[in-house]
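Trainee: Each chain is listed here by its residues.
2 protein chains.
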Amino acid sequence: MTDLDSDPGRSFDADVFSRMCASRGVLQHVTGRWSALIVVALLENNAPMRFAAIRRRVDGISDRMLSQTLGQIEREGIVVRTVHSTIPPHVEYGLTALGQKIAEPLTALIGIIESELPHVLAAQKAFDDADERRS
Amino acid sequence: MTDLDSDPGRSFDADVFSRMCASRGVLQHVTGRWSALIVVALLENNAPMRFAAIRRRVDGISDRMLSQTLGQIEREGIVVRTVHSTIPPHVEYGLTALGQKIAEPLTALIGIIESELPHVLAAQKAFDDADERRS
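Heads up: the sequence lines are chains H and S, in that order.
According to my numbering, the first sequence is numbered sequentially starting from 52.
According to my numbering, the second sequence is numbered sequentially starting from 52.
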């Protein structure tokens with residue numbers, strides 16, 4: 052704390068493994084039920100998207116959850132909401148520079164999960180079969 | 052489905068954006084409240100860990116949540132539980148090859164969140180201040 056107090060420009064050491072560190076909450080928001088999908092959809096689209104376009108891409112999300120999740124990641128500086136003053140107004144959501152940085156490992160993670168899914172399903176089956184034999 | 056039926060060895064196309072695809076559930080488990088931290092702790096440790104060592108590293112996790120989360124990611128083939136037949140038996144949890152693949156982008160994500168935390172906190176403050184001015 053002394054370093055931080057004496058030099059406010061110095062970055063402090065965030066530690067997601069500490070329950071008191073705010074970074075843990077950010078990790079939870081970013082990897083939440085819907086935010087990872089929204090952020091990766093925006094990265095893949097490579098351009099801002101309208102609400103309805105995100106909703107179509109993220110199959111199964113409700114208007115309420117999409118609006119709530121967008122609000123949360125906008126607050127964290129991950130997406131930016133732009134209102135174009137057309138009639139009717141045209142609203143778009145895009146990734147910030149921070150949002151792009153965060154979207155990259157999430158996109159990699161999703162790619163791995165998709166390509167490894169057959170192995171995961173086989174592991175689940177083997178585990179459940181072994182479990183059945185034990186009981 | 053025709054391709055899949057005619058050639059069972061062929062991998063199918065998983066799509067996390069489809070609500071029906073099992074990959075979405077795997078993404079949710081892997082990025083769940085505790086699993087990301089456990090998987091990254093195991094990767095950083097670079098060797099299997101005992102239950103108590105994981106619990107110490109993942110500050111704030113209860114025995115019950117750790118045991119439940121380890122069971123879930125063991126079922127998905129991400130960690131492997133090894134019982135060494137010493138007296139008393141010595142149990143360790145380590146990443147599988149799949150677990151290592153998954154842990155890498157999660158480690159990158161956590162690194163970004165930790166190093167960008169000051170920007171996230173500044174964005175939250177700016178958002179809340181603007182919100183207050185509007186109300």
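Hints in this document: simulated from the structure, not taken from any laboratory.
Any given hint might turn out to be false.
[To be verified] Straight-line Cα separation of at most 25 angstroms, DSS-like style, residue types lysine-lysine; simulated pairs:
{"id": "1", "chain 1": "S", "residue 1": "K152", "chain 2": "H", "residue 2": "K152"}
{"id": "2", "chain 1": "S", "residue 1": "K152", "chain 2": "H", "residue 2": "K176"}
{"id": "3", "chain 1": "S", "residue 1": "K176", "chain 2": "H", "residue 2": "K176"}
Trainee: It remains to establish, for every hint, whether it holds in the given structure.
Mentor: Here is what the structure says about each hint:
1. Under the criterion of a C-alpha separation no larger than 25 angstroms, the hint pairing S/K152 with H/K152 is consistent with the structure, at around 19 angstroms.
2. About 21 angstroms separates the Cα atoms of S/K152 and H/K176, which keeps this hinted pair within 25 angstroms; it holds.
3. The hinted pair formed by S/K176 and H/K176 fails the criterion: a straight-line CA distance of about 47 angstroms is larger than 25 angstroms.
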